[in-house]
Amino acid sequence: MAMKGRVLIVDDDTALAEMLGIVLRNEGYEFKMVTRGDDVLPVFRDFKPDLVLLDLMLPGKDGIDVCKDIRAESGVPIVMLTAKSDTVDIVVGLESGADDYVVKPFKPKELVARVRARLRRTDDPKPETLQVGDLVIDVAGHSVKRDGVSIGLTPLEFDLLACLARKPWQVFSREELLEKVWGYRHAADTRLVNVHVQRLRSKVERDPENPEVVVTVRGVGYKAGPA
Amino acid sequence: MTEAAAPEPRPGSAPPRLISLLTAAGATVLRWWNRLAAAWQRSIQLRVIAATLALSVAVVSLLGITLMRQITDGLLEQKRDAALAYAAAGLDTVQQQLEAAEAGDRGVFRQIVGDQAALGGEDGPAVVLIRDGATPLKSPGTVIADSVPEALRERVGEELQLFWTYTEIQRADRDTGEPAIAVGGRVFTADEQYGLYYLFPLTEQAQTLSVVWTALATAGLLLVLLLGAVAWLVTRQVVTPVRLAARIAARFSAGKLSERMAVRGRDDIARLASSFNQMAGSLQHKISELEELSRVQQQFVSDVSHELRTPLTTVRMAADVLHESRDQFEPEVQRAAELLQAQLDRFEALLADLLEISRFDAGAAVLNAESGDIRDIVFQVADAVGPLADRKGSTVRVDAPAEPCVAEFDRRRVERVLRNLVVNAIEHGEGNDVVVRVAAGGGAVAVAVRDYGVGLKPGESSLAFHRFWRADPARARSSGGTGLGLAISLEDARLHGGWLQAWGEPGLGSVFRLTLPVRVDADLTSSPLPLMPEDAGHDTRLSGVGIPYRRLADDERAEVPGG
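Each protein sequence line maps, in turn, to chains A and B. Following this note's numbering, the numbering of the first sequence begins with 1 at its first residue and continues without gaps. Following this note's numbering, the numbering of the second sequence begins with 1001 at its first residue and continues without gaps.
Do not take every clue at face value.
Unchecked claim - Now the in silico label distances, taken between C-beta atoms and shown as ranges:
no. : chain 1 : residue 1 : chain 2 : residue 2 : range
1   : A       : 129       : B       : 1386      : 40 to 48 Å
2   : A       : 217       : B       : 1250      : 40 to 48 Å
3   : A       : 166       : B       : 1323      : 36 to 44 Å
4   : A       : 217       : B       : 1458      : 34 to 42 Å
5   : B       : 1519      : A       : 217       : 33 to 41 Å
6   : A       : 113       : B       : 1367      : 42 to 50 Å
7   : B       : 1246      : A       : 180       : 19 to 27 Å
8   : A       : 190       : B       : 1041      : 23 to 31 Å
9   : B       : 1339      : A       : 180       : 53 to 61 Å
10  : B       : 1525      : A       : 180       : 54 to 62 Å
For the record, the hints were derived by calculation from the structure and aren't laboratory data. Just so you know, even glycine gets a beta-carbon here, dropped at the ideal spot from N, CA and C.
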């Protein structure tokens, strides 16, 4: 069976890490386990995963720092494993670069759904060029350019921008974006949207305080700025 | 009383316009009176100053009156004695002159009167000679002869003696009288007798008294003002630190725990300050102890959460893997895998609820309130519980008004409360319909969930909110709840400043009503929905949690608009 993708599992609990491995292997993913925070980067560079499952409480180095380190050199999807549904940690994790999170205890299906949603790439993207503000988005080439200068976005940020840019006339509610970009079928944490819109703005806006590319529509959601 | 409510004016009663005018004036006076009364009650300083002023005014007045009287008496006594001596001497002289005069010589009278008056010099008395039936004779001057008081004339007519009285003399060229002493006695000729009267003006004395009076009044007024100022100063010395203490205490109670009073000297105020500071110190210590305790508790909950959840996740996944491949197992192992799976769900729910409860206990629950329409949540919950209702054979009916029921609330918590109530209603509803009513009004929104199941026994309506309480221990175990649902719901309602109350009667079903204030910091006074349903008959008891126990009166049932 062809491997669907490579997943790096970072968790200090070996039993859980092993169990995650079993579940992912059953789903057809290749994986590697790391149990210490300070071991992550070397393994990451060597293994070149398509996705990282990252526990936030790690010996050696804090999960938040690991998350920032990975983000500094790659846009690879990061899904946090967190034992705390309590607000702050999740927001901090998302702000330091995680794309999504699952709260322990989770069901294997839930985890696999998250992993799939993050690894899901349109297999054969149509050649498509979108424009928002002064940005030019090449969907197939997965690049965003302003005045010919490329802007580095993570796949998630790219999906978010492309989703908004495809229908510039439409205002997307946070729930709609959660479904279209994150792949949530049911209501989920709308902070995911808020945090990633902020991150996206910090990269694509000339002035993040006065956004022109991703515009907030008060009480409704977000829309793409005029081309 | 407003004008519109005033009855028709009866004939002879005041016209309504006047009444309303009087009412308005009365209202103004009342308002000022109330304001004054409020200031009176609030300010010690005002009371002390007012009391000092009142007392000093009384004392100064008394003193002034006494002084005035003594001075007046002294002044007048002297004048009177002089007047009496003058009159007595005058009368003797006149008598001698009359005896020496020839009878019937009228001219001598005019002469005598003029002489008597002239004797006193410029400030001398006016002299009047009166004979019954004849025109009185008077000395030259503006004094009118009628100035001699009637009473004095009578006395003189009655007895042969010198009489005197205070009076006012009238002058021809003046409208007002001036104070005077009138002295009179009788003189005789051979065949007639006359009343001879001396009118001594007291103008000078009156002037002196007026000056004294002015001086005394000024001094008295100044004294009173001085005393008032002294009272103001003295009370200010006491009241200022007290007010300062009150302000600091208010700031302290508002959470600024490091507020302290300045201790100066060793007087009573300093003692107050140092006692206050001691109290503040020990309170701050206690509070920080409690905060520390709460922090430790939260940390513990957080740790337990992490420590329990990680192995539970592993177990959960392992169970799932087993469950997925249960077809390959022996029937018994298969069943075991199923049981493992089902109980893990329960275990997870229990853990989640326990953590939630301990978050409430630690005071760590945070309300994320935003404005929203509670009907949305109700419809959402009704949709979500559809499958469960279908399984139990009941229908969830929502009875919501057409207009929005907007309030500030935490979506997640309210949804959790309502889902919990509706699920409970379905599970205990014995397959009967569940009715969810929504209403807004009176600064609150309310959702009442009505079921027609077994109902609650007396006393159970408050027990239902106890942790791990089960209506029927034998039966309810199977229905899978954690036993913490209502306890958490109650805490959620309280966090909003709202009520969660239950009503139930055996055989009549039950009602659980959630009432939330429109704004989170507002106080609830009533709910727009009745707790006891209309279809429950009448002799039923009401017991609520969140408000004091009280009986539901008949008129209270009528408070629901359109209900």
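Non-conforming hints, listed in increasing numerical order:
4, 5, 6, 7, 8, 9, 10
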